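S.K.: Residue numbers (the numbering used here), protein chains in the order written: chain U, 1 to 363; chain A, 1 to 552.
No lab work stands behind these hints, which were simulated from the structure alone. Here the structure is a predicted model, which is why all the values come from computation and not from measurement. Keep in mind that a hint or two might mislead.
Once the Cα atoms are required to be at most 27 Å apart in a straight line, the calculated DSSO-like pairs of lysine-lysine come out as [claimed, not checked]: (1) U:322 - U:308; (2) U:15 - U:197; (3) A:502 - U:77; (4) U:326 - U:307; (5) U:32 - U:227; (6) A:531 - A:292; (7) U:15 - U:308; (8) U:72 - A:502; (9) U:72 - A:531; (10) U:77 - A:116; (11) U:72 - A:163; (12) U:164 - U:72; (13) A:432 - U:77; (14) U:77 - A:531; (15) A:292 - U:72; (16) U:77 - A:292; (17) A:350 - U:77; (18) U:164 - A:163; (19) U:344 - U:326; (20) A:116 - A:424; (21) U:344 - U:358; (22) U:327 - U:344; (23) U:15 - U:283; (24) U:197 - U:155; (25) U:72 - A:432; (26) U:72 - A:116; (27) U:322 - U:307; (28) U:283 - U:322.
Chain residues, written in single-letter form:
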Amino acid sequence: MIHYLIQDPPQDPPKWDGVPAPDIDQFGQFPKLASTFHDVDGLFYFTYAVCIFFFVLITGVLLYSVVAHRRKTWDQKPLSNVTHNTPLEVVWTLIPLVLVMIMFAWGFKGSLDMTVVPHEAHLNTYKATAKQWSWQFTYPDGTTSYDEVWVEAGKPVQFILESKDVLHAFYVPAMRVKRDVVPGRYQSAWFEPHFTKEFAEGEPREQTFHLFCAEYCGLDHSRMYAKVHVVDAETMAKTPWNLVPKPEDPIEDKIAYGKQFANAQCLSCHSTNGAPGVGPTWKGLFTKDADGNYVGRQRDVLEGGQKKTITVDDAYILESIKEPMKKLAAEFPNGGMSNFDSLKDDEARLACILAYIKSLADN
Amino acid sequence: MTTNTPAVATATPETQAPRETYLNCSSGFMSWAGTLDHKRIGIMYLVGVGIAFLAGGLFALLVRLHLWEPEGLLFSNLDYNQVFTLHGAFMVFLFVIPAIPGSIGNMVLPLMVGAKDVALPRLNLLSFYLWLTGAILATLAIVLGGFDTGWTFYAPYSLYTDKAVVTIGLAVFVLGFSSIFTGLNFIVTVHKLRAPGMTWFRMPLMVWALYSTSILQVLATPVLGITVLLVAFERLYHIGIFDPRLGGDPVLFEHFFWFYSHPAVYIMVLPAFGIISELVSVHSRKPLFGYKLIAFSSLAIAIISFLVWGHHMFTSGQSTYAMFAFSFLTFFVAIPTAIKEFSWVATVWKGSVALNSPMLYALAFLIIFAIGGLTGVILGTLNVNLHLHDTYFVVAHFHYVMMGSISLAFFAGLHHWWPKMFGKMYSETLAKIACLIIFVGFNMTFIPQFIMGSRGMPRRYATYVPEFEPFHQASTIGAIILGCGVALMVFYLLQSLLSGKKAKENQWGGVTLDWHTPTPPPHLNFDHEPKVVHEVYDYSTLDYESMQRDAT
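Here chain A stands alone, though its shape is the one from the complex (with noise of 0.2 Å):
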């Protein structure tokens, strides 16, 4: 794919006046706090995720230093059950789910497929500070009392806590709406702003991935918007939905909140996969292997996903039909995932791989991921669930998916798109070695927990039963490794503002559109309207002479 004209090699020639790029158009805060342009709300969503991702990360580190000791180190019980709580509703309302869409999602969507902006620039805005007013009120919340329901807001638990509920429900329902309004704006843009001879099988993965997200948001979210209303509700006014004591069932508060989640899961996972089927194709110089086949995946995974919800609930008592249904239903889900595994692997074979930070970063994930997802297959049967549900098993199964993958793909993204965000290198030796530590970190933390997981440590505990001492140890460790790696990446990203060398025109060699507009964009995006001639990920296309000439 290539745009009729060669906008790369001619844009920088006359370098004595800065280039005009979007982040140098306009200035002062009003052209930032009330912009419309989908790159610079990008860069405010990159800047609220991350925020929002180190409080996440404070949290869980508080929570493994507290676990040092079968009798804890640091809280009373009643603290260390609201620490844990924070870690899980910040890293999953604020963090992974907005992450990739609203950051990464947010600045390459449009320029991927050649439009000047998202559909609806407004609702853009809007989604951003509905974003805003969640983490407000999220925060809030912790200063009103706190919340120690856990992030799933189990009933009739949360209807009887004297904690602040009501406040982090609402929280929670205006994120959705945020995450909703993401969604719509994405659906449309993909619909209706594709550049001319963009068809839908020349779109790159990961607007695939994003348009198939964008369906979840749309559909799932409002279940959990309808649950959390309904748990405030219920506290305010005792209407007996799920109150047993009012006649209530607290097993439907599970159906309705897993509704959501466990789509949920995929609205976290799917952008991750988009970015990684980018990245192992760009890094490898080779066409993704299996293209068609990726791309009807996340189809597959968005509509099977409506549809295994009870497979977190295989102990909850629900019928025997349910069990066969949800535990069959989950096995299907597992091998679109395989095939995207394989198909990633299939692409860097033979391929010409660049071992730079971004591709490290993706080659973690698809070690990472692999782990992740084969122990997901371990959890689906049902007998075996029946034993490692609500063990560290589990944490440490969605941790391999949340943490170990989604954040890696969302850390790999964030370097692969970094020139093109800002016109600025990191240094990428510091990168390889963050890489590498948060990489080891990562493993040290969550393999001790597999195996006191399947050993019967019960999850969501504030003390233990000191026979898993060491295991919690090791984990401690990691987990402090872990820091390390993220505070360095946070480090070095950071001083590439400051002082980083310039990026290229073309940085890693990419062929999809975003890779066709100079770097940084300009306001618009494209200096020329794009056209789109070649199919996607066409690597004879690339401009070696005008790369070459960018490298000296």
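So here's chain U without its partners, still in its complex pose (with noise of 0.2 Å):
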């Protein structure tokens, strides 16, 4: 057991690092709602109320004829032996089964609002995609980004669920959605997104909400988060997740894009610090010479069970992201490394990752 007590040291900031804490409602149970579920919040205060006043009733009975009726003496005897009283009975049978019938009907109708997926939501399809532990998002237009998603205000979505590997949830609690993602098949979840607040003049129409996976996943199970951005239709022209550096854009920009996607996708496998991790670290893959050039180093790899030495180059990095199982590094001779599909044609991104495992290096 001992070995539980030393801890890891987190890598980076969590994902959430900058979402601000959601609004919560004026009785301090739910955060504000953000979608137009409002049944769920009824229902609930209703049933919280009813709750209420069986509680009071029962606990309140109970502790009055605990004081008034105690024993005071060891062979007091009770001032009643009734054993039974059938009106009494049937009226607490009938009057909780009305209102479990009435909890029962209301909250079906409210989960049919929120398993139908309405025309408008059809139209704005959205795929999301969770793997251990990340969230992929892809839009209407076939574009794409990770563990962040933009969504219009007043506009009904629909996400497409779609699981890599195992089972996963999809949860949004200002949303008040939530759908297991099951691997081998495809669910949906719908909501309309809305502004929690007013906005100041001037400001900007965004809020952002927190995503969970709320299906135990495994290891960074609870780091499996990702941004939603409700944000207004002038915004959403803009794509703003659609801005990943360009060629001939400034290194530093693609270092910091690369970064940031690495973060959200990388890091839970593989460490920058040397650390041992569910794959081999990047650090120290290339050195910087005192010219300023990258050099690779020599590394022990296995190729269809042969053991040979290469020198670390881009191309082995761009091979070993795109095609993981082809070349393995000596020490994780298993592999394992989830396929990225939809990076293979996309060089724009490769490009930023690629700069920033060579801003790793050593000088």
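With the hints as a guide, bring the two chains together.
M.R.: As structure tokens, this is what we get:
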């Protein structure tokens, strides 16, 4: 058990850094509703009120009789020896029965609203691909973003949910939406996003909400997080997710984007500080010589079961991302890296990742 | 109800030589390890589940301490996932399911029906050793690398993880047989070994509850056994039942798992209901209100609980028709449960209410179970469930039922029958203090979890968004208080064995058969064959004279 008490230092700030805590509703129990599913809140507070009524009734009668009818002498007999009272029993069976049937009907109606996807949402369909431990979003126009998604306020949106590995769940508390993401089948979830606050004049009309993975999915389940940006139509038209630096952009921009991307997609398995991880560390892949050129190090790899020594270079890095099982680092003979299919032809993003990996080089 | 001979009154006058009891009738290691006496097996179970509870509690404290800070205080995510899994698996499979039937049930069921032992004493010993084997296998699984699947073993993660899932699966399989054998034994005992005059409706409600539990154990547990075996086969031979990569269906695993594990909730809670039924009656000295309705509601719960497993899967994408049926039936379980709660309160009403420690634990149960049950109603509503599922709201709800209600009922029963078991009394003052500490600590642990759950805090998180920090910290402080209360309880119970006062023959003034035998009972339970001539819970038969003689 001793090794349990040694903590690995966190590599990077958590993905939710900088996202403000959501506003809480007036009763203090829920985040303010940012979608149109008012029935969830309504029925919750109705049931809550019924529960409080019965709780006060039960404990009130109980505590009163404990105090008023407590045994004062050891041979005290009870005030009553009643064994049953049929009218009373019928009443306390029927009243809860009626109440729970109301709750059932209301809840069923509410759940139909949440599971039947309206036509407008069908016209605005995103894909959310879950894998251990990140989210990838594909927009109606085919573009993608990672661990962040932008949706337009007032416009219903449907998410087709797909898992690459194990069970996950798509959970946006402010929208009251939760749906398991089941490998081997497609699920869907929809909501109509809204702002939960008034904006000041000139303030950008944008709010960010949490998206959690709610179904346990292994090691970094708690870090499988995405930001849901609700924005107005004007911002949406600028496709803020589609800002990958182009080849001609300065190298700093590419490194910054590469770092952000790696943080979301790569660093749960690969460390940048030499710490052992699920996969090989990125530290020391390159060194920088006196002239500022990157020199790759020698590394033992397994290719088709054959051990060989190669020099790390751009081609090797790119090949390892596109075909992770082709050349395996000798320390990790079983491989096991996920496929990043969407990256295969995404030269702009690949360039950023490569720039970031090189930026880790020692001088 | 009483026996035809006043066994209690005449048992003690010649106190020079200690009377022969089941505790001193034989000695030596084998007299315990090979015993067929249900009372000694009950004591061995008590020691076993007690240790499992303390281990599970230790894991719980580690979990709570880790969550003091948003980025975690103690563990890497990998280790945290193992510790919370250990907490769940130890508590559910080694403590909550076997605790009450194995220890208190074993001890009192034959006494209550007026039998010399359970019907199948050798099978009874076997179920204890199966429990022990399961406990050893579970511990072995920790040594073999632990397991990080959560106690629910959801596929396909449980198929892919490189931890000791097969070993813990085997442990669960073996523990299942332990549970089945206990259930089978109790069913046969209740049918075949009731004393003359002990009709079905003269049985104490503890017996009804254990009987209903046993039916569930025998019918539901095999499904769990099959499911964990399938997971093991899937891991070893890749047969493709649950693994989507091989054409299997992970949701099928959820159906199988909850088909057992929902009835299992009632396997856990029905014996607790039985204990509370006994206690509120004895300590209010009043017949149980609505005896038949409570007995039938136990059976109703046992039957309906087989039909509601889908309410654990409202977000899994099952069909609308299934959602409709499962939600509807779930609300139907709420009704018999509500009837029980109302009937207990009505029993206390106008009773002669003794505020001794077993009753305090029982009252704590009634308050906590009200919260646990009512929040279950909130979770049963379909659309609200879609928001609350897999959050801390669910965690808090089932801890109110499992820890707050079942464990407190177990403690209540332990305090109630402790003098019967050992002939010794613990310190009542310390017991009352411990009960208060446990009650306060428990509520402080789990009320914040309701709030953060409905605000969106998902369960099984090793790290969390910073706005939940104050709730987690309050919860952790509560857990520490709760832990102190439990430690105090363990202390004074053990102390009573060494230096406790001698218990009275009929410590609380009970009138069921378990109080019509000497304390502690002789090897074969009764000095004379009991014969039941009165209705159950008929306190007009209470022998005040002998109680007074006993008191002075």
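S.K.: Next, verify each hint and record whether it holds.
M.R.: Here is what the structure says about each hint:
1. About 20 Å separates the Cα atoms of residue 322 of chain U and residue 308 of chain U, which keeps this hinted pair within 27 Å; it holds.
2. Taking the CA atoms of residue 15 of chain U and residue 197 of chain U, the gap is near 24 Å; set against the 27 Å cutoff, the hint holds.
3. Taken as a hint, the residue 502 of chain A and residue 77 of chain U pair is honoured in the structure, with Cα atoms around 26 Å apart against an allowance of 27 Å.
4. Between residue 326 of chain U and residue 307 of chain U the CA atoms are separated by roughly 12 Å; this keeps the pair inside 27 Å, and the hint holds.
5. With a C-alpha separation of about 17 Å, the suggested pair residue 32 of chain U and residue 227 of chain U falls inside the 27 Å cut-off, and the hint holds.
6. For the hint pairing residue 531 of chain A with residue 292 of chain A, the CA-to-CA distance comes to about 22 Å; that is within 27 Å, so the pair holds.
7. Proposed proximity of residue 15 of chain U and residue 308 of chain U is contradicted: the alpha carbons are some 38 Å apart, above 27 Å.
8. Restraint check for residue 72 of chain U and residue 502 of chain A: the C-alpha separation of about 23 Å stays at or below 27 Å, so the hint holds.
9. For the hint linking residue 72 of chain U to residue 531 of chain A, the alpha-carbon distance of about 33 Å lies beyond 27 Å, and the restraint is violated.
10. Proposed proximity of residue 77 of chain U and residue 116 of chain A is contradicted: the alpha carbons are some 32 Å apart, above 27 Å.
11. Distance hint between residue 72 of chain U and residue 163 of chain A is unfulfilled; the C-alpha atoms sit about 59 Å from each other, more than 27 Å.
12. With a CA separation close to 68 Å, the supplied pair residue 164 of chain U and residue 72 of chain U exceeds the 27 Å bound.
13. For the suggested pair residue 432 of chain A and residue 77 of chain U, the alpha carbons sit about 24 Å apart, so the restraint of at most 27 Å is met.
14. A threshold of 27 Å between alpha carbons decides the hint, and for residue 77 of chain U with residue 531 of chain A the separation of about 25 Å falls inside it, so the pair holds.
15. Between residue 292 of chain A and residue 72 of chain U the alpha-carbon distance is near 30 Å, which puts this suggested pair outside the 27 Å criterion.
16. For a cut-off of 27 Å, the pair hint linking residue 77 of chain U to residue 292 of chain A stands: about 24 Å separates their Cα positions.
17. Taking the CA atoms of residue 350 of chain A and residue 77 of chain U, the gap is about 10 Å. The hint holds against a cut of 27 Å.
18. Only pairs whose Cα atoms come within 27 Å are accepted, and residue 164 of chain U paired with residue 163 of chain A is accepted, the gap being roughly 21 Å.
19. A distance of roughly 14 Å separates the Cα atoms of residue 344 of chain U and residue 326 of chain U; the hinted pair therefore holds under the 27 Å criterion.
20. Distance check on the hinted pair: residue 116 of chain A and residue 424 of chain A sit about 23 Å apart at the alpha-carbon level, within 27 Å; holds.
21. Using a Cα cut-off of 27 Å, the hinted pair residue 344 of chain U and residue 358 of chain U holds, with the two alpha carbons roughly 20 Å apart.
22. The suggested pairing of residue 327 of chain U with residue 344 of chain U holds, with an alpha-carbon distance near 16 Å, which does not exceed 27 Å.
23. Between residue 15 of chain U and residue 283 of chain U the CA atoms are separated by roughly 22 Å; this keeps the pair inside 27 Å, and the hint holds.
24. The suggested pairing of residue 197 of chain U with residue 155 of chain U holds, with an alpha-carbon distance near 17 Å, which does not exceed 27 Å.
25. A hinted pair counts as satisfied when its Cα atoms are at most 27 Å apart, and residue 72 of chain U with residue 432 of chain A qualifies at roughly 17 Å.
26. For the suggested pair residue 72 of chain U and residue 116 of chain A, the alpha carbons sit about 37 Å apart, so the restraint of at most 27 Å is broken.
27. A C-alpha spacing of about 20 Å is found between residue 322 of chain U and residue 307 of chain U, which places the hinted pair at or below 27 Å, so the restraint holds.
28. Between residue 283 of chain U and residue 322 of chain U the alpha-carbon distance is near 20 Å, which keeps this suggested pair within the 27 Å criterion.
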